[in-house]
Amino acid sequence: MKKPRTYERIAGPRSRLVTVHSLYKGPDHLLSVVNTGGYREEYRRFPYDDIQALSVAVLRWSRWSSLLTLALFLFLVWGAVAAEGGLAVFVAILAGVVGLGLLADLYMGAYVKVTIQTSVQRARLPAVKRMRTAMEVMREVREQVEAVQGVLPSALSDADLAAVPKEPGTREAAAGPPPVPAGKAKAGPESGRWHLALYYLLLAGAVAGTLDLHLAGTGWMALYGVLFCASVLASVGASIHQRNKALPRGLKNVTLAATVFLLGVLLVFHVYGMALGADMAKRFGSDMHNLNLYRHLASLRPEDMGRFFYYGWVACVAGFLVLGTLGLVLVSGHRAAVKAGSA
Amino acid sequence: MHPACPLCQKPLPARSLNTAVPVPCPGCGGQQMTRVFPALLNRPESVSGPLAEEGEGSCFFHPKKRAQSVCSRCGRFVCALCEVPAKDGVLCPTCLAGKNAAGEDDIARQGTLYDSLALALAGIPLLFVFPVVVTAPAAMVMSIRYWKRPLSPVRRSRWRFVLAMALSAAEMAVVASLIIRWI
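Quick note, the sequences are listed as chains A and B, same order. Using numbering that gives the first Met the number 0, you'd call the opening residue of the first sequence number 0 and step up by one each time. Using numbering that gives the first Met the number 0, you'd call the opening residue of the second sequence number 0 and step up by one each time.
None of these hints come from the bench; they were simulated from the model. Don't be surprised by glycine CBs; every beta carbon is placed ideally from N, CA and C. Don't take every hint at face value.
In silico DMTMM-like pairs for lysine to aspartate or glutamate, Cα to Cα no more than 20 Å straight-line [claimed, not checked]:
1. Lys-98(B) x Glu-41(A)
2. Lys-9(B) x Asp-159(A)
3. Lys-9(B) x Asp-157(A)
4. Lys-24(A) x Glu-41(A)
5. Lys-98(B) x Asp-27(A)
6. Lys-24(A) x Glu-135(A)
Output of the computed footprint for chain A on chain B, the stretches with three or more beta carbons under 8 Å from beta carbons of chain A [what the hints assert, rightly or not]:
7. 8-17
8. 26-37
Turn these sequences into a full structure, and let the hints guide you.
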């Protein structure tokens, strides 16, 4: 069931390197949302009754960006006129695309920096980066804020501004601070459960991989596949979980190395392997669901790509074993230290 | 705070405020336009609150202070310093912390988008085929476990959860049928 609409988007989404910024108009406040990686959002709220000022400033490099686009467009137009045949058509199409970009650039206006000021903070609104959007946001915010605060009775003078404090306003404290509310209890030292799971999975994967090499059964291969996928998930989880946690640096580094190793293996074996596997399936029929075939291929025909799979598999199992053992030693040491500290 | 130029952060004079078009900043010369509102001229209020006298209700957190309002969740008396205005009335610091910990959307400062995570977990591993053996059940578990968690304040429906569950159910069905055929 849909919730009633509380927020109306007035700017954005604007993408940065890994974040996406949006600005929403709420019933009694503006909401600035920063989405990181698509999975995490941070919110900043600016109540209408607390907004003191909204500023828009044209960025200095804005005009150079437009001039460079214009210069590129003129150069391409000249190129299209000077060239002949198919090249002229290609350059003309390119000039058309750049020309459309230039028109869009002119329509959207200059690049701007927008800041909002309340009684306690001055914050940038990264969701707004063009003059056209900034003007629309300013109109929307002005309507909302003036509906709550009213309008300034008369034009501001420098004497009025002189009475405004230069620093954020302070509140007179009561006698003694209020007690810290009993919220969620603070977590103790990091136990390293994610890491323990990861390294057990790696060692189990090493065992399953070795058994598959020697016993060459479909069941072992399936078990190895499941353990491998679980290891990838556990390594990504442990790498995310260990940020800002009190864990030994060595353990963090080994976990990161294990994550990079597992993701690399995933990429090489599963993407490249699938492409090659299709070719091998064509050559050898459907009887290629275990590595025994690749091992025989490697021993019979060294130039065959079966050798790649065989030694790649061995390297993968060796990596599991080394990283799993090293990590397990480190995490066991850490857990013992935590246990000794809490005892 | 004094209104300042967004580029150079220097205070702006009155003539540079509330203009209809961008004007140069006296500090850096950059084109800027600043609109100020009446809240700029408000004085910060003292919120220390009066002391409670004999027979008067006192603040739960500051027994010497006179109670100003009642927490709309737990009913505790709170003084002017402890009352926090919220969408559903006045809150005391404890209820505010509880509301924040629960990620309620009118006060949350950050949140994890479990619906997007579940959808990514169900969709992206399809590129690699084999990981769906693990990721499809994980996406299903995540969708069910976090179904009742508050969504992002700007999202209104749970269609990502529904899609993630449908996708992961389809993946699990395909994997199960392949295993049965294999056996």
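Each hint, compared with the structure:
no. : hint                   : result
1   : Lys-98(B) x Glu-41(A)  : holds (16 Å)
2   : Lys-9(B) x Asp-159(A)  : holds (17 Å)
3   : Lys-9(B) x Asp-157(A)  : holds (15 Å)
4   : Lys-24(A) x Glu-41(A)  : holds (16 Å)
5   : Lys-98(B) x Asp-27(A)  : holds (19 Å)
6   : Lys-24(A) x Glu-135(A) : holds (12 Å)
7   : 8-17                   : holds (count 5)
8   : 26-37                  : holds (count 9)
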